[in-house]
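All chains, please: the whole structure from these sequences, using the hints.
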Amino acid sequence: MTQTPLARLAGPIALLAGVLICTAQVGMFATLDIDDRAAALADPLFVASMATYFVALGVALLALVATYEAQAHRAGAFGLVAFGAAFAGTVFLAGNHWFDTFAGPWIAEAAPGLLAAPVDHPVLTTAALASYALFAVGWVLYGVASARAGVYPAAASIGIAVGGAIGFLALSAPLGLPLGIALGALGAWITWRVPRAVVTPKAAAS
Numbered sequence: 249m250t251q252t253p254l255a256r257l258a259g260p261i262a263l264l265a266g267v268l269i270c271t272a273q274v275g276m277f278a279t280l281d282i283d284d285r286a287a288a289l290a291d292p293l294f295v296a297s298m299a300t301y302f303v304a305l306g307v308a309l310l311a312l313v314a315t316y317e318a319q320a321h322r323a324g325a326f327g328l329v330a331f332g333a334a335f336a337g338t339v340f341l342a343g344n345h346w347f348d349t350f351a352g353p354w355i356a357e358a359a360p361g362l363l364a365a366p367v368d369h370p371v372l373t374t375a376a377l378a379s380y381a382l383f384a385v386g387w388v389l390y391g392v393a394s395a396r397a398g399v400y401p402a403a404a405s406i407g408i409a410v411g412g413a414i415g416f417l418a419l420s421a422p423l424g425l426p427l428g429i430a431l432g433a434l435g436a437w438i439t440w441r442v443p444r445a446v447v448t449p450k451a452a453a454s
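Residues in the sequence shown are numbered consecutively from 249, following my numbering.
Treat the hints with care, since some could be wrong.
[To be verified] Label-pair distances were calculated between CB atoms; the ranges are: (1) W354 with G398: 41 to 49 Å; (2) D281 with T439: 31 to 39 Å; (3) I282 with T373: 16 to 24 Å; (4) I282 with A351: 16 to 24 Å; (5) A359 with D281: 16 to 24 Å; (6) L362 with P292: 18 to 26 Å; (7) D291 with V329: 36 to 44 Å.
Think of the hints as simulated: they come from the structure by calculation, not from any bench.
Idealized CB from N, CA, C, for every residue including glycine.
This is the structure in structure tokens:
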């Protein structure tokens, strides 16, 4: 099976996604002031950690595509559905986080009272919950699909499913850490011990 350049880079990309997610989550957790959201959004380290997490979600999308492509031949219809759900959920969550990262500091300056106001608008609440739920369900399904395909280690696939379940609150550090650790571990495994199922015929012949 011939692989695209992206699939061949699945290991390093997944490893990078895991490192970025974990770094950002630790930074956010260490600098977040839960009693004063406006103060946290005025902290350059907190904002930098949030921006890193936004980038990390983008890299996680690349890792998702790359790791799926390498196992698509064995993932079947269920794997395709799982991939689509995880992809859409990550896009939605990244959009949510983009607003928090780049509009949040401006709101903290221009209208700090909004940060303390309860979020009770039905459209906003429904959209936010939908993005959290789709992100969690998508990664749970992707972990299950990977375990079923058997291309990657079962432990890594289960870790992704568990990380996805906890990832319903992935924007609240440090609850995004489990998925980051699982992605990083999978990336390390692919990078340093490529499974026979995803080796190209040319590489196998050599």
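Here's how the hints hold up against the structure:
no., hint, result
1, W354 with G398: 41 to 49 Å, "holds (48 Å)"
2, D281 with T439: 31 to 39 Å, "holds (37 Å)"
3, I282 with T373: 16 to 24 Å, "holds (20 Å)"
4, I282 with A351: 16 to 24 Å, "holds (20 Å)"
5, A359 with D281: 16 to 24 Å, "holds (18 Å)"
6, L362 with P292: 18 to 26 Å, "holds (21 Å)"
7, D291 with V329: 36 to 44 Å, "holds (41 Å)"
Of the numbered hints stated above, none is contradicted by the structure.
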